[in-house]
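**Q** Chain residues, written in single-letter form:
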Amino acid sequence: MDAEKIDPRILALMDENPGISTAEIASSLALDEDLVRQRIDFLADTREKLLIVDEEIDALTALKVALEAEGYNVIVARDGFEGIEKARTENPDAILLDIMMPGMDGFEVCKRLKSDPSSEHIPVIMLTAKGETDDKVEGLDIGADDYVTKPFNLMELKARIRTVLRRSNI
Amino acid sequence: MWDKKNRWSLVIFAVIVLLLVGSIVFFWMKANNEVRSIMEDQYQNQQLILTQYISSSLEELLNERVLLLEVTAKNEQGIPDDNFVSDFETIYRAAEIYYVLEFIDANGTVISGYPSANVPYGYNLYENDNEWAFEHVRKSGEVHISEPAMTMEGIFGSFVWVPVFENGTFRGTIFGIVSDENIIRQFDTASNSSNTVYLLNSKGEVIYDQSGMYGKGTSYFDHISGDEPERLDMVRAQINGMEGNGKYPDTVSNGHGQDILVSYSPVTWYNKNWSLGILSPGNEVDKIIVSVYVKLFTVTGLSVLFILFLSSQVYFILLNWNRSLEQEVEKKTHELQRSNESLVSANLKLQELDRLKTEFLSMVSHELKTPLTAMKTSSEFLLEEKCDYDTRKQLLALINRNVDRQARMVDDLLDVSRIESNRMRFEMESVDLHEVLDHSLENIRRLSEDKDIEIRADIAESLAHVRADRDKLVQVFVNLLNNAIKFTPGGGEITVSAQEVSQDEEVSQDVEISVRDNGIGIDAENLERVFDKFYQIDSTSTRKAGGCGLGLSITKGLVEGMGGSIRVESEPGKGSTFIFTLAKDRL
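Protein chains in written order, with the working numbering: chain A, 194 to 363; chain B, 10 to 596.
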């Protein structure tokens, strides 16, 4: 069963009976208790969630560590397909998207995210090594909310993340 | 299969041709008639001149011959003793026209003559009633010439009577017979074959007719039928001693309605007024016209042939010229097309090169900026001093790794730059292949072990030494092995082998070293280009393999810099083999 379908039912059960235990939920929904606990942890996590999509493991790692320390719930994807998949299932609050990636590049990922109703509302910040103006325009034209050029200043990136998140919360 | 339009044009064309031909024939016939009448006039004038010539010659001849007799008759010494016989002999021989010359005394008796065989000695005119002319001469004292007639000797001729006076006393006459045969002999060559000559006397009697149609002594009028007025007029003019031209239709000979052209001129011989006529058939004119036309047409024909020949030559020359011009144009067009095509392909190549350059720059930018980003993010985070010991260590290792990566990238770019500008230095020495390969394998051991790829070396001991730059050869091996590992799935196998190849047994011997993998391979389309700078089979931003497309280009530059060559053989899905050659070290 999909997480999306499980979550509303878990929430419904918890609404009826605020003191319900995970074992009880699992048995009433005929699910594994571990999965139920994971979903409850997930639902209980109130941190803002960021999805980073980047091919480069080192860049990914460094950014993940830095942003987690900032108090974000960071999830990662190593390519475009994985990025789209996680954007749908994890419903992140913002996406940091690299452009040069194997399989599907960042532009295409952004285009698909913005054309899908289930993910169009998620702000996207493009990260790229390319510095050309054309690329910037292209990034914004296809619906990216912001654009950060590698190598970026960490403080600046954090500020931009805060900005897009604040904007989307209004 | 002509359409209507063509048929109409054909009809119009035929009408025009007929009109042209008709008018040409009409004008030609008109011109022909004019020419004919002009020619006829000319011919008759010529014939008249001839007639005048002949008649005057005849007149002169006859008068001269008679004059000889007159001179003899007026001899101042009187009648010679031999009664003129010796004079007669001289005159007879000189004049050549007399049948006989006689002397008749005052009594009318023939007393001498020459040639004596023709002389009727003792013949008396009075006794034979032939005294009329004798009497006439005695009375008038003038020379008398009788009408030509058949003589008693049986010849046709005229009698010439010349009176002989001595001191005013009539002593007799000199008598001569002029035979027509003898006269004609003088003019044998006077006229050509087609003309015939006739002679009429003042009564219109035929004295002579060359054609033999009319008998001597017959009247010419008897030979003219009633419906020949032109001919009648003409004969009258002749009798009246006139000269001129005339023509009448030929009814006798098979002249087919042709005119007979006549010219006539008078001949005056003492008391005789004769008329000489020359007639010729009208087709003589036609013959001349035809001969003129034949000449004209021959010349025209030859000229036309000559013109045709010349124009055909000119035509062929122009045609050939035109053809060679066309060929030239075609050739030039072809050359232009070719150069155009080569320009287009050069342009495409340039565009491709430009695209590759742009992609290369973006690639370099990405490759340089990615490690920088990781380092910068890590170092900035470290500066924030929010992390624990483990995280710090992890980030420092990350920074270190990316510094190395950056350094490698910079090295590659420098190598490309050096190779491009021929500034790469090669320190050639004798290198042990085994040692170099071991060193190279050590360099990439971690990579191969990570992907669980086995690398096998298969190099004979005898091939140990090659001429090469040690470090560059290591780089070549590392690049090729790296490349092989990158494109070979985990658990695959890479083989490095070497063998000798001899292009020329005496001069040089090369060692061929191959690095074979059983990875994804390269399709034929891309095979030729894998050594191009900046080239990546998948050069889009979505490429699966890392690197910026310089490895093989650098490798090629290094191998060629060491005097070798490199090539690749591959089959998609089965793997690729990179083969490079180096000179074997002879020591």
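Derived from the structure by calculation, the hints contain no laboratory data.
Being a predicted model, the structure only gives us computed values, none of them experimental.
Cβ atoms here follow ideal geometry from the backbone N, Cα and C, with glycine treated the same way.
Each hint should be verified, as a subset may be incorrect.
[Said to hold, decoys possible] The calculated label-pair distances, taken between Cβ atoms and stated as ranges, are:
1) 250(A) <-> 420(B): 39 to 49 Å
2) 227(A) <-> 534(B): 48 to 58 Å
3) 498(B) <-> 346(A): 31 to 41 Å
4) 364(B) <-> 250(A): 45 to 55 Å
5) 281(A) <-> 468(B): 36 to 46 Å
6) 468(B) <-> 264(A): 18 to 28 Å
7) 352(A) <-> 353(B): 49 to 59 Å
[To be verified] Distance condition first, Cα-Cα at most 27 Å in a straight line; then the derived BS3-like pairs of lysine-lysine:
8) 395(B) <-> 242(A)
9) 366(B) <-> 495(B)
10) 351(A) <-> 385(B)
**Q** Look at each hint and say if it fits the structure.
**A** How the hints compare with the structure:
no. : hint                          : verdict
1   : 250(A) <-> 420(B): 39 to 49 Å : violated, 22 Å
2   : 227(A) <-> 534(B): 48 to 58 Å : holds, 52 Å
3   : 498(B) <-> 346(A): 31 to 41 Å : holds, 40 Å
4   : 364(B) <-> 250(A): 45 to 55 Å : violated, 29 Å
5   : 281(A) <-> 468(B): 36 to 46 Å : violated, 54 Å
6   : 468(B) <-> 264(A): 18 to 28 Å : violated, 59 Å
7   : 352(A) <-> 353(B): 49 to 59 Å : holds, 52 Å
8   : 395(B) <-> 242(A)             : holds, 20 Å
9   : 366(B) <-> 495(B)             : holds, 23 Å
10  : 351(A) <-> 385(B)             : holds, 14 Å
The structure is inconsistent with the numbered hints 1, 4, 5, 6, although it conforms to all the rest.
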